[in-house]
Amino acid sequence: MKTYRCDEMMCNGCVSRINKGLDHEGIGHKVDLETKTVVIEEEKDYGKAVEILDDLGFTAVEQQ
377 MKTYRCDEMM CNGCVSRINK GLDHEGIGHK VDLETKTVVI EEEKDYGKAV EILDDLGFTA
437 VEQQ
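Here the sequence shown is numbered in this note's numbering, starting from 377 and rising by one per residue.
Simulated from the structure, these hints should not be mistaken for laboratory data.
Nothing here was measured: the structure is a model prediction, and the numbers come from that model.
There is no bait here: all hints are sound.
Capping the alpha-carbon separation at 30 Å, the derived lysine-lysine pairs in DSS-like fashion look like this:
1) Lys420 - Lys378
2) Lys412 - Lys396
3) Lys406 - Lys420
4) Lys412 - Lys378
5) Lys396 - Lys420
6) Lys406 - Lys396
7) Lys406 - Lys424
8) Lys378 - Lys424
9) Lys406 - Lys378
10) Lys424 - Lys396
11) Lys412 - Lys424
12) Lys396 - Lys378
Please model the entire structure based on the sequences and the hints provided.
Next up, the structure:
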């Protein structure tokens, strides 16, 4: 699992866009609006998930 912070995430509409984008690619994830984070479940999906988030207008910053 890897957690990314997306500071541009502001509302439930953002959460919905992220969910749709990642679901469309079959990427297991969890989005948390309160902490502005996206958790990607599988290592094989990390790169693709960051690419999708970028395409959706979100800068994914890896959290330690």
